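All chains should be built: construct the whole structure from the sequences, respecting the hints.
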Amino acid sequence: MSVVEGALSPEHALGDAASVPLSLRGPAPTRVVAGFGFWLFLLSDILIFAALFAAYAVLSGETAGGPTGAQLFETRHVFIETACLLASSVTCGFGSLAVQRTDRSSTYFWMAVTFVLGATFLRLEASEFTSMVASGAGPSHSAFLSAFFALVGTHGLHVTVGLAWLVVMLLQVATLGFQPMVTRRFFCFALFWHALDIVWVGVFTIVYLGAH
Amino acid sequence: MEAPSQAQGSAPGVEVQTHGSRRTYLIGLAYAVVLTVASFWAASTDLVYAPGVPILLGVFAIAQMGVHLVFFLHISSAPDQANNFLALAFGIFVVALIVFGSLIIMGNLNHGMMPMERLMQMQP
Chain V
0 MSVVEGALSP EHALGDAASV PLSLRGPAPT RVVAGFGFWL FLLSDILIFA ALFAAYAVLS
60 GETAGGPTGA QLFETRHVFI ETACLLASSV TCGFGSLAVQ RTDRSSTYFW MAVTFVLGAT
120 FLRLEASEFT SMVASGAGPS HSAFLSAFFA LVGTHGLHVT VGLAWLVVML LQVATLGFQP
180 MVTRRFFCFA LFWHALDIVW VGVFTIVYLG AH
Chain S
0 MEAPSQAQGS APGVEVQTHG SRRTYLIGLA YAVVLTVASF WAASTDLVYA PGVPILLGVF
60 AIAQMGVHLV FFLHISSAPD QANNFLALAF GIFVVALIVF GSLIIMGNLN HGMMPMERLM
120 QMQP
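Chains as they are written, first to last, in numbering that gives the first Met the number 0: chain V, 0 to 211; chain S, 0 to 123.
Just so you know, these hints were derived from the structure itself, not from any lab. Because the structure is a prediction, the values reported are computed rather than measured. Ideal Cβ placement from N, Cα and C applies to all residues, glycine included. Mixed in with the good hints there might be a few duds.
Said to hold, decoys possible - Not close to chain V: a few residues of chain S, all C-beta gaps over 10 Å, as computed:
#, residue
1, Arg21
2, Gly27
3, Leu28
4, Ser43
5, Asp45
6, Gly51
7, Pro53
8, Leu68
9, Ser76
10, Met112
11, Leu118
12, Gln122
As the list claims (entries may be wrong) - Footprint (simulated), chain S over chain V, 3 or more residues, beta carbon under 8 Å:
#, stretch
13, 47 to 58
14, 77 to 85
15, 201 to 211
Below, the structure is given as C-alpha cells:
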C-alpha cells in the first residue's frame, strides 16, 4: 500500500506500523471504530428481521379462509422492485467511491440516482400494500397477512429511513463539505443500504417466490 | 508476530485498492443479476422437480447474500477483517437459531395439539 488517495491515507498509514508492538499502537482510528460499531448495529438489526422471518415462516399457512400468498402476489411487480433495489445498491457503491475520491458532482449524481431508485421501490411497495388493503386483504384479515405486513412493512420502513438519511447526508456534503465526520457517516449509510438489499433477498425468496 | 494489522482492524466496506473498485461492484452486480433471474426462473418453471424448488431457491438466496457481502459490503476473511468476520459469524449463528428454532418448536407444538374437532367436543 504505497499510494493511497484522498481521505483514506491517514488511517491506512497506520497499517504499515508492523514493527510497533501492540501495546504501543494506541486506539484504532475513529473511522474503523465507527464502522465496526455500525456493523454490529446492522447485525442486530438483521436479528429483528430474523424474528419477523421466523414469525412469517410459522404463520404463512394460517390464512383463516382468506387469500393465500400465491393468489395475492404478482411476480412481475416483485421483479421490478428487486431490480430497483439491486440497481440502487450498485449506484450507492459508486456514490461511496465518489465520496472516497471527494468528488462532489459525482457524489451528487450517483446518490441522486440511488434516491430515485429507492423511492421507486417504495412507491411500488406502497401501491401493492394499498391495493391489497383495498381488496380486503389487510393486516387484520389473517395471521399470514399480519406476519406479511409486519415483515415487508418493517423492510419498507427501513428503506424510508434510509432515504431520509441519504437526503441529510447530501445536505451535509453541501454545507459541511467532505469532512472526515461526513465521509464517515456516508460510509455508514452505504453499509446500511447494502444490508437492506441483503434483507430484501430473503424477503423476495421466502415471501414472494416461496408463496404457496 | 501474528498479523500486526489485526489489532487495528479495518471497518467493513473499506477497500484499500484505488483501482478496480468500481469493477468490484460491477462483478457483484453481474453475479447478483444472474442469481436473481435464476431464482425467479426457478419459481415459475416446470422443468425442475417441484419439491426441489424450495431447496433451489434457498441455494440461490444464500449464494446471492454471499455475493452481496463480498462484493458490496467487502467482507472477507482477511486478517484485518477478523473482528468483522467473527461478528458476522455470530450474527448468522443467532439468526439460524431464531429461525430454525422457532420453526422446530412451533411445528412440534402444532403436532402435539389436539385436533380442533376433539377440542370442540370437549366444550361444555
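Exercise for review: Classify the label on serine 43/S as holds or violated, using whether its beta-carbon is more than 10 Å from each beta-carbon of chain V.
Suggested key: violated (7 Å)
Point to revise | Cβ separation check - leucine 28/S to all of chain V, threshold 10 Å | key: violated (5 Å)
Exercise for review: Would you assess whether serine 76/S, listed as outside the interface, keeps its beta-carbon beyond 10 Å of every beta-carbon in chain V?
Suggested key: Fine: 15 Å to the nearest Cβ keeps serine 76/S off the interface.
Review point. Does the claim that glycine 51/S lies off the interface hold, with its Cβ farther than 10 Å from every Cβ of chain V?
Key: holds (13 Å)
**Study point:** No chain V beta carbon within 10 Å of leucine 68/S's
**Key:** Label violated. Min Cβ-Cβ 7 Å, cutoff 10 Å.
Practice item. Quick one: work out the minimum CB distance from glutamine 122/S to chain V and report holds if it exceeds 10 Å, violated otherwise. Key: holds (20 Å)
Point to revise | 10 Å cut-off, C-beta based - methionine 112/S kept clear of every residue in chain V | key: Holds: least Cβ distance 13 Å, greater than 10 Å.
Point to revise | Annotated coverage of the stretch 77 to 85 of chain V by chain S, confirmed only when three residues or more have a Cβ within 8 Å | key: It holds, with 4 qualifying residues against the three required.
Review point. Can the stretch 47 to 58 of chain V be counted as covered by chain S under the rule of three residues or more with Cβ-Cβ separation shorter than 8 Å?
Key: Our answer is that it holds, as 7 residues pass the Cβ test (under 8 Å) against chain S, meeting three.
Point to revise | Outside-interface status for leucine 118/S - nearest CB in chain V farther than 10 Å | key: About 16 Å separates leucine 118/S from the closest Cβ of chain V, which puts it past 10 Å; holds.
**Study point:** Coverage of the stretch 201 to 211 of chain V by chain S, judged on three or more residues with CB within 8 Å
**Key:** Our answer is that it holds, as 6 residues pass the Cβ test (under 8 Å) against chain S, meeting three.
Review point. Holds or violated: is the Cβ of proline 53/S farther than 10 Å from all Cβ atoms of chain V?
Key: violated (6 Å)
Consistency note: the structure conflicts with the earlier hints numbered 1, 2, 3, 4, 7, 8.
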